[in-house]
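Peer 1: Here is what each chain is made of, one letter per residue.
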Amino acid sequence: MGVIHVTDRAGQRHTLEAIEGWRVMEIIRDWGLPIEGLCGGACECATCHVFVAEEWLDKLYPPTEEEEDQLDTVMTQPNSRLSCQILWTPELDGLEVTLAPTGA
Amino acid sequence: MTDHIETDVVIIGAGPVGLFAVFELGLLDIKCHLIDILPKVGGQCAELYPEKPIYDIPGFPMVTGQGLVDNLMAQIEPFHPTFHLNEMVESLESIGTPEAPLFKVKTSENGTTFTCKAVIIAAGGGSFQPKKPPIDNIEAYEGTGVYYAVRKMERFRGKKVLIVGGGDSALDWTVNLQPIAKRLTLLHRRDAFRAAPHTVEKMRSLVAAGDMDLHLGQVTSLKGEAPVLEGAVIRKDDGSEFTVDCDVMLPFFGLTMKLGPIADWGLNLHENVIPVDTEKFETNVPGIFAIGDINTYPGKLKLILSGFHEGALAAQKVHRYVYPEKRLLFQYTTSSTSLQKKLGVAA
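Top to bottom, those sequences are chains S and E.
The first sequence runs contiguously to residue 92 in our numbering.
The second sequence runs contiguously to residue 480 in our numbering.
Keep in mind that a hint or two might mislead.
Derived pair list, reagent style DSS-like, types lysine-lysine, alpha-carbon separation capped at 30 Å [unchecked claim]:
{"no.": "1", "chain 1": "E", "residue 1": "K369", "chain 2": "E", "residue 2": "K265"}
{"no.": "2", "chain 1": "S", "residue 1": "K47", "chain 2": "E", "residue 2": "K450"}
{"no.": "3", "chain 1": "E", "residue 1": "K369", "chain 2": "S", "residue 2": "K47"}
{"no.": "4", "chain 1": "E", "residue 1": "K356", "chain 2": "E", "residue 2": "K293"}
Just so you have them, the derived chain E footprint on chain S, three or more residues with Cβ under 8 Å [said to hold, decoys possible]:
{"no.": "5", "stretch": "-4 to 10"}
{"no.": "6", "stretch": "15 to 22"}
Hints listed in this document are in silico derivations from the structure and should not be mistaken for laboratory results.
Virtual Cβ for every residue (Gly too), placed ideally from N, Cα, C.
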């Protein structure tokens, strides 16, 4: 067991219990935070875009070409990731992410 | 020129669930028209993941999104549904009574109007619309300096055009608009493009010849007194910023789904989905049904197979609205000659 910390678009930080084998998008969605996850985790929409805290970036698997293609469709920062492509494992206990702004 | 159509049922959304509803309604002799904002049928299956394998469609160990759509189209062919693509339903007005519902449906693009006895909303996550980049005040330039689609190329003749994106739309319009633009700039966040290789090559050769500019980075803000666009401030990966002068900006960031006008139709909504009962999948308005991802009820699972089931049950109630005098006989396609005749397979 472990947790992730998610800062929502209003700047409020939430600590959510994480489940091994779940994608970070699914954990965020399951706790009812506003993450769209339109395509259901198929890496086809970029509506689960998050900013990952600097110190965690290297602990994640690097984005696939498919994820980069989707990141092309949103406004990114160097720490942008799609949360549906981050599978939570106990090594990610304490992972810190911020929900990216949604387009209009 | 405005068309008016009278039919039994209007189905809003031509995704897999809307398509299969045509089959269930067709077996009950109910005619329908389908309306979809996309230029093609298939909804998310065709737009978001045409090549992705799906493993949980009963009877198909594996089928791609597009494969499923193609099969559904073949399955409903005997019922000759009419499709109205590239159109969005703008208004839905009830002009009947709860006992004998009647609706007036109007679309936005061509202004086609429909009169029908039932409406089935199978709109999935809503209507597909261009993804807008989150840039402050971008709305103030829309239609004058910012466009999400090219309808008339001539509009861009002699203009300083900034195209943003790295997919097929961005690259296609880059090579198409470059000859008529005063100066064309393509902006993308990285030096890799997800577009047809020959189009990318063409773009690269235009850049090499000095006939257009390619920049890597992202737009952070727009310049010019709205609604007149004068430039875009671009941030590069290293954090430095510069400005590209432009009269128009065309962001091609793909599509997203918005609930859109559905919110204005007097239906109960719960977090952007429509509550229905689980006997008929009817909304709070008698005669308006909601099936597939757009509905919710206790235990709802957003699966294509659930949407198929929901369509079958909704069709039973629709039959009562369309044929109030007729008793509905439950039949199987395996044994009923009358159903087989409708499918064109009777011996």
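Peer 1: Work down the list of hints and note, for each, if the structure agrees.
Peer 2: Hints, one by one, checked against the model:
For the hint linking K369 (chain E) to K265 (chain E), the alpha-carbon distance of about 20 Å falls within 30 Å, and the restraint holds. Between the alpha carbons of K47 (chain S) and K450 (chain E) the distance comes to roughly 54 Å, so the proposed pair goes past 30 Å and is violated. Pair hint K369 (chain E) plus K47 (chain S) holds up; C-alpha atoms about 25 Å apart against a cutoff of 30 Å. A C-alpha spacing of about 14 Å is found between K356 (chain E) and K293 (chain E), which places the hinted pair at or below 30 Å, so the restraint holds.
Counting residues of the stretch -4 to 10 of chain S whose beta carbon lies closer than 8 Å to any beta carbon of chain E gives 0, which falls short of the minimum of three for the stated coverage. Closer than 8 Å: that is the beta-carbon criterion, and the stretch 15 to 22 of chain S has 0 residues meeting it against chain E, so the requirement of 3 is violated.
The structure fails to meet hints 2, 5, 6 from the earlier list, while all remaining hints are met.
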